[in-house]
Amino acid sequence: MIKIQSGFSLVELIVAMVIIIAITGSIMYGIASTHNSLRNAEIRQLAFIELSNKMEELKGQVALNRVQSASINEAKVCIEYNTIDDMIAGRNTGFGCRTVGYLSHNIKFRQTESIHAQIKDINANIRWKLISRYGQKGKDTTLSLNVSQLVFN
Amino acid sequence: MKKYIKITNGFSILELMVAMLISSILVGGLAYVVSEANFFLSKQLYRGKVNRYGNAVMHEIFSTTINANFVNIENTDQIICGFRTNQSSLDSLKIYEHRRNDGVLINGKPIENLNFYSKDNNKNFYMEITDFQGKHTFDGQGYNADVRDAVIDILLGIKLHYTRGNKKIMEEFPFKKTIFTRFAAVYNSSKEIDE
Chain A
1 MIKIQSGFSL VELIVAMVII IAITGSIMYG IASTHNSLRN AEIRQLAFIE
51 LSNKMEELKG QVALNRVQSA SINEAKVCIE YNTIDDMIAG RNTGFGCRTV
101 GYLSHNIKFR QTESIHAQIK DINANIRWKL ISRYGQKGKD TTLSLNVSQL
151 VFN
Chain B
1001 MKKYIKITNG FSILELMVAM LISSILVGGL AYVVSEANFF LSKQLYRGKV
1051 NRYGNAVMHE IFSTTINANF VNIENTDQII CGFRTNQSSL DSLKIYEHRR
1101 NDGVLINGKP IENLNFYSKD NNKNFYMEIT DFQGKHTFDG QGYNADVRDA
1151 VIDILLGIKL HYTRGNKKIM EEFPFKKTIF TRFAAVYNSS KEIDE
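Chains A and B supply the protein sequences, listed in that same order.
When we follow the working numbering, the leftmost residue of the first sequence carries the number 1, and every step to the right adds one.
When we follow the working numbering, the leftmost residue of the second sequence carries the number 1001, and every step to the right adds one.
Mixed in with the good hints there might be a few duds.
BS3-like, lysine-lysine: derived pairs with alpha carbons at most 30 Å apart [stated by the list, open to error]:
(1) B:K1159 x B:K1049
(2) B:K1176 x A:K76
(3) A:K59 x B:K1135
(4) A:K129 x B:K1049
(5) B:K1176 x A:K108
(6) A:K129 x B:K1109
(7) B:K1043 x B:K1094
(8) B:K1094 x A:K59
(9) A:K59 x B:K1176
(10) A:K139 x B:K1135
(11) B:K1135 x A:K76
Chain B regions said to be covered by chain A (calculated; three or more residues, Cβ under 8 Å) [claimed, not checked]:
(12) 1110 to 1118
(13) 1130 to 1137
(14) 1171 to 1180
Hints are computed from structural coordinates only; laboratory data are not their basis.
Quick caveat, the model's predicted, so the values are computed rather than measured.
Here a beta-carbon is modelled for each residue, glycine too, at the ideal position from N, C-alpha and C.
All chains should be built: construct the whole structure from the sequences, respecting the hints.
Written out as structure tokens, the structure reads:
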């Protein structure tokens, strides 16, 4: 009597398992990467809002000729507050702030020939840490804004 | 002598059991991943709607305030912008205020082309305004009066409520917009006197 068996061999089974593990791993890695990318995009948008708010402040000071400080380096600011109460109270550190950034600005007077107007160049930038692959804070990233403000005498 | 050949084409009960176990683990894992992805997508969709609403409100107030001839933030939870077409008194007013379940209103009406997902009309998720106010960016002593009056912060707090099964989830979204009210620079007579 000849018995023919048509099952899978051990090697075939192991190869199938390796393929399944590889596919599952890539799906999970993809989900984690997408999550981090979305979170980084969200923080980037919030950082831009914080920077544009600061720029609006500086434009007001320049336009009114009442500059509080011409240059500030790496002032600690909160990019992302936990609650509206934290934002109103200005809790830049501790539990009130989810993401911290560092703001710098520089206001320069530009020489012009006009006696009726003057131009001031405002440069501001914000630095914060990107979220890396494993959800930890990774490398620094910076966003800059340059504005030229015309001031009539 | 007769020769018999036995060909086994089907699966044994053991093979079937192992196959079923592996398939159920795979299907279970896949179902979990799909449900997680679905929840994540829904959550992002809700969050996107809140962010879109908050940013659009801020943009609306910003574009009104920078062109207004008069801005008043002294009333609690109210921002008043006045406009004039000549040198006399104000022609029109735009009053921003809020209602917890109706969102931010302009002169008592909801902002056009902007969806506020209220509790009454939505089951899966809804928004709620928790705070809406204007305040001076430079408050307190040590700041120049012109700058203090001209630069304001508009603050808006929105709570997002949604469910996952029987679990209720709440997230807070704080929004802030700093605005330099341009009229202060144009119509500021004290600046000339000081200089």
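Here is how each hint holds up against the structure:
For the given pair, B:K1159 sits about 12 Å from B:K1049 by alpha-carbon distance, which is consistent with the 30 Å threshold. Annotation: proposed proximity of B:K1176 to A:K76 holds, straight-line Cα distance about 17 Å (limit 30 Å). For the hint linking A:K59 to B:K1135, the alpha-carbon distance of about 18 Å falls within 30 Å, and the restraint holds. A C-alpha spacing of about 26 Å is found between A:K129 and B:K1049, which places the hinted pair at or below 30 Å, so the restraint holds.
With a C-alpha separation of about 27 Å, the suggested pair B:K1176 and A:K108 falls inside the 30 Å cut-off, and the hint holds. Our distance criterion of 30 Å between C-alpha atoms is broken by A:K129 and B:K1109, whose separation comes to about 41 Å. Proposed proximity of B:K1043 and B:K1094 is contradicted: the alpha carbons are some 34 Å apart, above 30 Å. For the hint linking B:K1094 to A:K59, the alpha-carbon distance of about 25 Å falls within 30 Å, and the restraint holds.
Under the criterion of a C-alpha separation no larger than 30 Å, the hint pairing A:K59 with B:K1176 is consistent with the structure, at around 17 Å. The straight-line distance between the Cα atoms of A:K139 and B:K1135 is roughly 35 Å, outside the 30 Å bound, and the hint therefore fails. Taken as a hint, the B:K1135 and A:K76 pair is honoured in the structure, with Cα atoms around 21 Å apart against an allowance of 30 Å. For the region 1110 to 1118 of chain B, the stated coverage by chain A is violated: 0 residues have a C-beta nearer than 8 Å to a C-beta of that chain, whereas at least 3 were required.
Counting residues of the region 1130 to 1137 of chain B whose beta carbon lies closer than 8 Å to any beta carbon of chain A gives 5, which meets the minimum of three for the stated coverage. For the region 1171 to 1180 of chain B, the stated coverage by chain A holds: 7 residues have a C-beta nearer than 8 Å to a C-beta of that chain, and at least 3 were required.
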